[in-house]
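Construct the entire structure; sequences and hints are all you get.
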Amino acid sequence: MTTSNKKNLEMRFSGAGGQGLQLCAKIFSKALIGEGYHVSMSQSYEPTSRGGLSRADIVASGDTPDYPLTTELDVLLILDQAAVNASEGIIRDDATVIIDPRRTKNPPQGNFKVIALPLSETAIKLGSERITNVVATGVIAALSHDIPLDIVEGALKSISPKKFLALNMDALHAGVELARGLKTA
Amino acid sequence: MTVQQNVAQATPTINLPTINLQGNHACALGAVAAGCRFYAGYPITPSSEVAERLAKELPKVGGVFLQMEDEIASIAATLGASMGGVKAMTATSGPGFSLKQENLGYGMKAEIPCVVVNVMRGGPSTGMPTRPAQGDLMQARWGTHGDHPVVALTPGSVEEIYQQTARAFALSEKLRIPVIVLFDESLGHLEETITLPDVTEYENTIRKWATGKPEDYKPYKADADGVPPMARPGDGYRVHTTGLIVAEGGFPTQKADVVAPVMKRLLDKIEINNDLVESFEDIDCQDAEVVVVALGIVGRSAKKAVRELRQQGIKAGLFRPITLWPFPTKSFRALTKKAKYFVVAEMNAGQLILEIGAAKVDKQSVSGLNRYDGEPISPSLIKQAVKEVLGHE
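Line order of the protein sequences matches chains A and B.
Take the numbering used here: the last position of the first sequence gets the number 189, and nothing is skipped along the way.
Take the numbering used here: the last position of the second sequence gets the number 439, and nothing is skipped along the way.
A couple of the hints might just be wrong.
What the hints assert, rightly or not - Subject to a maximum C-alpha distance of 30 Å in a straight line, what follows is the list of computed DSSO-like cross-link-like pairs (lysine-lysine):
(1) A:K11 / B:K361
(2) B:K106 / A:K161
(3) B:K106 / A:K34
(4) B:K102 / A:K166
(5) A:K11 / B:K433
For the record, the hints were derived by calculation from the structure and aren't laboratory data.
Written as structure tokens, this is what we have:
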């Protein structure tokens, strides 16, 4: 039973296997724990090591939730077409849905707003498509009202391997800039 | 709201650490906390993290981790280690649990304590390795051949996985029986913010060792609790361990008048100790018109559904077995006297529902809410099923 005044927050990071979606969830999990939330993190992936639907979910709440899996998403990231159908019917009308249009040709349909941003293109410009997940992390951190950016930065720093830290931080900040561009546009 | 947790719980301490932990890791840490010092296993999705974590943790506490050539050898090594006097465990999933069945029965018959974890995935056969299911409930009860006693626990959260794995060791030691811990992939891979429960009581529970003159020792002569003291290797007691039915003295027999009491004692020892074994969670069952019966991750889903239904004025309750086998029939009957309907929600084609059909005392209707497509049962599906049986929708 929730006794805290923290509101529930449900996030999903989805795409194809190998896109680093678990890492996205780990960063936000760590950040939300730092903010005093109880965090339930779940995942789903295919038996293959690359490709197929992959998703990592977070349910953050003031106390241990009755049900720890997602039922009403507040934040949804889609990095690949393979993940579009998986969230059908559980996206809130006021959800933030972020997609990478380069790999998501048919975005989900609904009353929610879909934000298309050049996530993988930005990552490629920075040197590697593999950091698309961190660019997306920056976007979500900047758009979120619940998680301060410096807490996300701290979480990324603590998780990132040292030799990729600079690249990861660049990717995070490039994501933040993409989101800020939206706000002023 | 009445929430009754009929679980032998160690006293919670305020200073226990709050951490984020994955279900499979909680299983490994709960085992170590309960005094497990031997693990033999063969990695298989979705249980591999249990082995992975124990490979790191056991050497730190002077324990032994063995990766075996297969699942059959793994349970054989686990039983052997336990006969050597060590608290021992193996963990597996799906096809691995099938492979372990023969030796599981050996452990039940020869009365060898150990813990066997099965992280359930979609079946049959290799099925869906990375998807959750609850298709092994009846296999846990009847998977090995012949009449046999069984204790199987079904935790419903990461914290409970830690606690119930530890409790499984205590029960196995106390009752001299392999205890099965069952949870599904979604709980095994779920990470939750938890407070590690104090399990010192379970750590301190060890089997009865034989005492007295070695020449007077009868290896299968039980005490009043139905459990015979075990011979510790090196203490000088002679014992022959076999899967054959043996008389009190330990020698094989097929004489009906000897076999009957031997089998009766073996089958009754769990019932004699029911106070120790039984555990369940009950939310608002006593005045409920509809009682949802669910376990594991579906129990969590049902908890949310029942709370929300109550807010809508619908008299719904939840009965969640934590000890699945033996099913807590007497308590279930006592708590659900007023129920008119049972909704059994489970991630299989209908297994727990068979037990509810047998356990109910009255002519209540029993409906199944089943899913076996690799997806969990959501709270909204349970709410819908309850409203349907009430004729609300």
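Going down the list of hints, with the structure as the test:
no.	hint	verdict
1	A:K11 / B:K361	holds, 27 Å
2	B:K106 / A:K161	holds, 29 Å
3	B:K106 / A:K34	holds, 27 Å
4	B:K102 / A:K166	holds, 23 Å
5	A:K11 / B:K433	holds, 28 Å
Consistency with the previously given hints is maintained throughout, with no hint failing.
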